[in-house]
Structure formats: structure tokens, C-alpha cells
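Respectively, the protein sequence lines represent chains G and L.
The numbering of the first sequence is numbering that gives the first Met the number 0, which starts it at 0 and goes up by one.
The numbering of the second sequence is numbering that gives the first Met the number 0, which starts it at 0 and goes up by one.
Keep in mind that the hints were calculated from the coordinates and are not lab data.
Be a bit skeptical, because a hint or two may be false.
[As the list claims (entries may be wrong)] Restricting the straight-line Cα-Cα distance to at most 25 Å, the calculated cross-link-like pairs of lysine to any residue (SDA-like) are:
{"#": "1", "chain 1": "G", "residue 1": "K151", "chain 2": "L", "residue 2": "L135"}
{"#": "2", "chain 1": "L", "residue 1": "K254", "chain 2": "G", "residue 2": "P142"}
{"#": "3", "chain 1": "L", "residue 1": "K366", "chain 2": "G", "residue 2": "E98"}
{"#": "4", "chain 1": "G", "residue 1": "K144", "chain 2": "L", "residue 2": "G257"}
{"#": "5", "chain 1": "L", "residue 1": "K209", "chain 2": "G", "residue 2": "E98"}
{"#": "6", "chain 1": "L", "residue 1": "K190", "chain 2": "G", "residue 2": "E12"}
{"#": "7", "chain 1": "L", "residue 1": "K254", "chain 2": "G", "residue 2": "G88"}
{"#": "8", "chain 1": "L", "residue 1": "K155", "chain 2": "G", "residue 2": "T18"}
{"#": "9", "chain 1": "L", "residue 1": "K51", "chain 2": "L", "residue 2": "V21"}
{"#": "10", "chain 1": "L", "residue 1": "K76", "chain 2": "L", "residue 2": "D48"}
{"#": "11", "chain 1": "L", "residue 1": "K190", "chain 2": "G", "residue 2": "K94"}
{"#": "12", "chain 1": "G", "residue 1": "K144", "chain 2": "L", "residue 2": "K366"}
{"#": "13", "chain 1": "G", "residue 1": "K94", "chain 2": "L", "residue 2": "K380"}
{"#": "14", "chain 1": "L", "residue 1": "K240", "chain 2": "L", "residue 2": "K76"}
{"#": "15", "chain 1": "L", "residue 1": "K209", "chain 2": "G", "residue 2": "D25"}
{"#": "16", "chain 1": "L", "residue 1": "K366", "chain 2": "G", "residue 2": "P17"}
{"#": "17", "chain 1": "L", "residue 1": "K190", "chain 2": "G", "residue 2": "G88"}
{"#": "18", "chain 1": "L", "residue 1": "K190", "chain 2": "G", "residue 2": "E20"}
{"#": "19", "chain 1": "L", "residue 1": "K380", "chain 2": "L", "residue 2": "R363"}
{"#": "20", "chain 1": "L", "residue 1": "K190", "chain 2": "G", "residue 2": "P142"}
{"#": "21", "chain 1": "G", "residue 1": "K94", "chain 2": "L", "residue 2": "E370"}
{"#": "22", "chain 1": "L", "residue 1": "K190", "chain 2": "G", "residue 2": "R43"}
{"#": "23", "chain 1": "L", "residue 1": "K6", "chain 2": "L", "residue 2": "G54"}
{"#": "24", "chain 1": "L", "residue 1": "K209", "chain 2": "G", "residue 2": "E20"}
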Amino acid sequence: MLSAEEIHEIEAEAAHYPTREAVSIDALRIVQRHRGWVDDESLRDIAGHLGMSPTDLDSVATFYNLIFRRPVGRHVIMVCDSVSCWIMGCDRMRKHLCEHLGIEVGETTPDNRFTLLPIVCLGCCDHAPAMMVNRDLHGDLDPRKIDAALEKYS
Amino acid sequence: MTATTEKPLTGRMRPDGSFLDVRAYEQAGGYQAIRKVLSGGLTPKAVTDEVKEAGLRGRGGAGFLTGVKWSFVPLGKDAPSPTYLVVNADEMEPGTFKDRLLMERDPHQLIEGAMVAGFAIEADVAYIFLRGEYSLAAGRLSRAIAEAYERHYLGKNIFGSGYCLELHLHLSGGRYICGDETGLLNALEGKRANPRSKPPFPPVVGLFGKPTVVNNVETISCVPHIINNGAAWFRGLGRTKDAGTKLFGVSGKVKRPGLWELPIGTPIREILEEHAGGMRDGVKFRGLLPGGSSTPFIVEEHLDTPMDFTEMPKAGSRLGTGTMIVLDDQTCPVGMTWNMMRFFARESCGFCTPCWSGLGWAERILKSMEEGRGQSGDLEKLGFQAKMWAPGNTFCALAPGAADPLETALKYFRSDFERHITEHRCPWT
Chain G
0 MLSAEEIHEI EAEAAHYPTR EAVSIDALRI VQRHRGWVDD ESLRDIAGHL GMSPTDLDSV
60 ATFYNLIFRR PVGRHVIMVC DSVSCWIMGC DRMRKHLCEH LGIEVGETTP DNRFTLLPIV
120 CLGCCDHAPA MMVNRDLHGD LDPRKIDAAL EKYS
Chain L
0 MTATTEKPLT GRMRPDGSFL DVRAYEQAGG YQAIRKVLSG GLTPKAVTDE VKEAGLRGRG
60 GAGFLTGVKW SFVPLGKDAP SPTYLVVNAD EMEPGTFKDR LLMERDPHQL IEGAMVAGFA
120 IEADVAYIFL RGEYSLAAGR LSRAIAEAYE RHYLGKNIFG SGYCLELHLH LSGGRYICGD
180 ETGLLNALEG KRANPRSKPP FPPVVGLFGK PTVVNNVETI SCVPHIINNG AAWFRGLGRT
240 KDAGTKLFGV SGKVKRPGLW ELPIGTPIRE ILEEHAGGMR DGVKFRGLLP GGSSTPFIVE
300 EHLDTPMDFT EMPKAGSRLG TGTMIVLDDQ TCPVGMTWNM MRFFARESCG FCTPCWSGLG
360 WAERILKSME EGRGQSGDLE KLGFQAKMWA PGNTFCALAP GAADPLETAL KYFRSDFERH
420 ITEHRCPWT
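Working from the sequences, and respecting the hints, build out all of it.
Structure, rendered in C-alpha cells:
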């Protein structure tokens with residue numbers, strides 16, 4: 000069931016569009032912000048609220064990179080692997096993150112603290128290599144800076 | 000002031016990185032353009048004509064004349080209603096980091112530009128389509144939009160003129176293809192961002208089937224300055240026949256990667272050497288992509304080309320987004336091309352066969368070459384694929400954009416590709 004708060008936020012966005020379907024991506028984002036990810040039941044509830052078929056909504060949800068249809072950890076690390084960051088050594092940064100966290104890209108640490116995902120260009124190319132942790136952008140990365148940055152996320 | 004020192008887009012930004020709120024923006028001369036339009040009795044057509052006369056071309060990369068695009072929108076009482084303006088703030092072209100600065104540091108400039116553009120096309124509603132990862136820009140834009148509504152600069156009867164405009168911020172779910180004009184419109188309608196077949200074009204049949212103009216952030220940010228200072232002034236800013244200033248960026252192994260507002264038509268070499276400080280010690284220049292991953296490589300012999308829409312095609316490339324990615328001699332050109340093809344293959348929406356099938360094929364060939372499993376005939380296969388991605392074979396520009404760096408990499412760095420095959424390894428690892 001969607002919470003009153005979630006419904007309130009969805010309806011505030013819905014006022015900006017002439018159709019119910021148009022708010023689907025906002026609704027997915029809103030529910031994900033409250034729950035960390037979008038499970039099957041949440042997906043069905045959002046679809047029902049917007050008058051869409053769950054299958055249709057799932058085809059939207061799975062299309063977009065920032066909608067999670069599988070559980071993620073408390074903090075999501077997204078490492079840029081696009082061309083400027085690649086030139087500046089993002090493969091080494093990703094390898095360091097995998098070793099440091101003991102997981103592969105796409106996985107979550109056993110303590111549920113971090114999920115590691117790839118992301119396309121973060122628009123931080125003059126400070127490559129770069130990553131985002133939750134909503135925070137971190138640039139000019141090296142292994143030491145990565146370790147220091149991750150300490151802030153408990 | 001001379002043309003080379005004028006920085007209309009970035010000149011009033013604060014050096015400390017904070018943003019201009021509505022008060023600071025107005026103190027710096029902001030919201031005068033929209034006042035001039037609304038109180039001066041200018042017609043929508045007059046505004047469009049001024050922008051057309053200014054020679055403003057789309058800063059998202061395609062370079063279409065902005066005023067001409069606006070003029071396709073039907074106006075008047077019998078026109079379909081509502082009309083939409085969409086600001087394309089889905090900056091996801093690899094190597095591009097210019098619109099983020101404009102939104103983070105001077106969000107009201109973008110809002111005022113949207114108001115003027117909205118007036119010119121008689122828009123009822125405007126959306127800023129922002130990529131979901133730009134959280135700092137999202138926060139500052141939200142605040143700026145709220146400030147504008149509080150002062151009744153947005154909403155009904157703006158400045159008592161009768162002009163109404165609603166402006167909403169939409170955060171994307173994240174996908175490169177949303178940057179395509181019609182892919183973006185489908186995303187705004189809450190659908191998968193598959194680009195649409197064209198025609199019809201958005202100014203006639205766009206968002207929710209209504210007339211819609213989609214303009215890039217930098218394009219819209221230029222608009223208030225054109226209204227304030229006039230078309231002739233804007234034309235005079237460029238160093239070539241093209242008009243205005245342009246945000247130019249450099250990334251890669253240069254001494255000072257960064258972003259600068261310079262006259263359009265500034266030669267590549269000047270940007271690379273004077274602004275970016277030249278190559279880092281110990282590495283040599285080999286080539287660059289002038290405006291993001293979808294632009295063709297250029298090499299040393301082209302460095303004196305002015306960075307603009309007219310001159311770059313003469314060097315076999317395009318201005319694109321104006322943010323260059325530099326390839327150096329310590330970096331493998333095959334690896335770099337593989338990285339970009341992996342990106343394009345991953346971000347294809349999956350609709351047109353030459354794109355979803357061909358990009359993956361090319362990506363696998365490049366991967367095998369990097370891993371020492373390249374075979375004779377691979378380069379011919381890559382060249383064939385790139386031809387299959389030509390404009391007209393797909394709905395949108397993603398695949399043609401992928402063909403540009405691939406074909407030029409094969410042209411300029413052919414011996415490096417051949418070495419991967421004959422030596423059964425990547426010479427750079």
C-alpha cells in the first residue's frame with residue numbers, strides 16, 4: 000500500500016501533467032526514495048494508483064537506470080565508466096572499489112551498507128575520474144580519496 | 000568591451016561556486032529581458048525574428064537555428080492548445096559538462112530564458128527535463144523556480160501583461176536516449192524513451208500531441224542576452240561567421256582540464272594550449288573528439304580550425320557540445336573506441352535493429368581485439384557496421400553518432416587497430 004505521504008507527493012507531481020501515465024517515472028522515483036527500491040508489490044500499487052497495467056509500468060521502470068527493481072544497500076555508489084573517466088583511470092578506481100568492498104559491480108555488501116553500480120558520464124569530466132555516492136558527487140578520485148569518501152557513509 | 004572578453008553567460012557567476020538567487024540575479028540586471036518583452040509591447044513574432052536575426056544555433060550539438068525552430072510553431076487563436084516549451088537539461092553526452100554549470104550557478108538565467116522563449120512560441124507550460132543525477136542543479140533550480148513563483152514572475156498574468164506560463168522541473172529516471180528530442184518527449188509522457196519516427200516534428204506534433212519546442216540549456220540561457228543587447232551585438236561576439244559565445248571544455252590528460260566561455264570560432268589549438276595548458280608532461284597529443292562522444296575524431300593537422308558550426312565540418316567533424324575529449328599517446332585508441340561503443344550499445348533504446356544489434360556486434364569485436372583475440376577481417380566488419388548506422392537507417396541520431404568516432408578512429412589510428420590483430424594483444428597493456 001502506498002503511504003499517505005507517498006500519495007501526497009505523487010499527486011503534487013501529477014498536477015503538472017495532463018495525463019496520469021505521465022507521472023509514472025516521478026511516482027517510481029518518489030516510492031524509491033521512501034523505500035530504497037521498487038519491489039513487485041510497490042510496482043503494482045503505483046500502477047493501480049495511476050490506472051496503468053503493472054506490466055506497462057514495469058517496462059518503464061526497467062528502462063531507466065535510476066529506478067531500482069532489486070534491493071540496494073543503504074548507500075549506492077555509482078562509478079562513471081564513460082570515456083573521459085576511462086582515459087583518466089576509472090577501471091583502476093572500479094577495481095579498487097571492488098577490492099575494498101569485497102563485491103563485484105552490481106552487488107551489495109553483506110552488511111547492506113553499499114551497492115556498487117556503473118553509471119554513464121556524470122558531467123564531471125574536468126575532475127575525472129568521478130563517482131556519485133547517493134546524491135553526492137566526488138571527483139579527482141584516487142584510491143585514497145575513495146577510501147576517505149566512503150568513511151562518511153555509515 | 001571587446002568581443003574576446005565578453006562573457007554574457009558566465010560573467011556574473013560567483014567565484015565561490017554559490018548560486019545567484021533571485022535578488023542577486025536582479026541586482027546583476029536579471030529579469031530585464033522579459034520585462035522589455037512584456038512591457039515593450041513586443042509580439043511573439045518580433046522576439047522570434049530577433050533570435051533568428053541573432054543567428055543563435057542550438058547548443059545541444061545539432062546547431063539548428065533556434066529562431067527558425069520557434070517559427071514552425073503555429074501561433075494565434077486557432078493554433079492547437081496548449082503549446083509546450085521543453086528545456087533539454089538531460090546532459091548525458093560523454094565528455095560534456097557545460098549545462099551543469101549554467102544550472103548550478105545561474106538558474107534564474109535559464110528561467111528567464113524559458114520565459115522569453117515561451118512568450119515567443121506562445122507556450123502555456125514549460126518543463127525543464129533534468130537528468131536525475133544532477134542533484135545540486137535540481138535543488139538550486141527548484142529553489143529558483145519557487146522564488147520566481149513567489150514574485151509572480153511565473154504563473155498567471157506575469158507583470159500584469161496577461162502572459163501566463165507554468166514552469167515545472169522534471170527529474171529523469173536516467174537514460175542517455177532521453178537527450179534525443181522525441182525520446183525526451185516520450186519520457187515526459189511517462190513512457191519508455193524510444194525516439195519517435197519523424198515527421199511530424201515536435202513544433203507541430205510534440206508533447207502529448209501538441210506543438211512543442213525542445214531547446215538545450217545553453218541555448219535558452221543565451222536568449223535573455225539577445226533581447227537585452229540585440230541581435231547585432233550577439234552576432235558580433237563570435238570570431239567567425241557564427242554568432243555568440245560558447246562554453247568550451249577540455250577533458251583528458253591536459254594540464255588544466257576545465258570549462259571556459261569564449262567567443263564561438265575560437266581555434267581548437269588556442270583552447271587546448273592557452274586555456275587547458277597543453278598536454279601534461281610526458282604525454283603527447285594524438286587526437287580529440289571536439290564535442291562529446293558522438294563527434295568524429297580530429298588530429299593534429301586540424302588544430303587551427305575555429306570551433307564553430309560552420310568551420311568544423313570542413314575538418315571532417317562537428318562542433319557538437321563544444322566539450323573536447325583528448326586522446327594522448329599513452330592511451331589506447333582501440334580501448335577508447337571500445338569504451339564508447341560499449342556506452343552506445345548499453346544506452347541504445349533497443350528499437351531500431353542497426354542500432355541495438357549492430358552496436359553490440361561492434362562492441363564485441365573491439366573487446367576481442369583488446370583482449371588479443373582480434374581476427375583478420377575485423378576492421379572490415381567494423382567499417383561495415385558503421386555504414387549500417389548511417390542517418391536514415393534509424394529513428395534517431397544515437398547510431399549515426401556512434402559511427403562518427405568509430406569511422407574516424409579506423410581512419411586515423413588504423414595501424415593501432417592492425418597491431419592489436421597481428422600482435423594478438425593490446426600494445427598499451
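For each hint, the structure was consulted:
no.	hint	result
1	G:K151 with L:L135	holds (19 Å)
2	L:K254 with G:P142	holds (21 Å)
3	L:K366 with G:E98	holds (23 Å)
4	G:K144 with L:G257	holds (21 Å)
5	L:K209 with G:E98	violated (52 Å)
6	L:K190 with G:E12	holds (16 Å)
7	L:K254 with G:G88	holds (16 Å)
8	L:K155 with G:T18	holds (22 Å)
9	L:K51 with L:V21	violated (28 Å)
10	L:K76 with L:D48	holds (20 Å)
11	L:K190 with G:K94	violated (35 Å)
12	G:K144 with L:K366	violated (30 Å)
13	G:K94 with L:K380	violated (32 Å)
14	L:K240 with L:K76	violated (38 Å)
15	L:K209 with G:D25	holds (22 Å)
16	L:K366 with G:P17	violated (46 Å)
17	L:K190 with G:G88	violated (35 Å)
18	L:K190 with G:E20	holds (8 Å)
19	L:K380 with L:R363	holds (11 Å)
20	L:K190 with G:P142	violated (39 Å)
21	G:K94 with L:E370	holds (18 Å)
22	L:K190 with G:R43	holds (17 Å)
23	L:K6 with L:G54	holds (17 Å)
24	L:K209 with G:E20	holds (17 Å)
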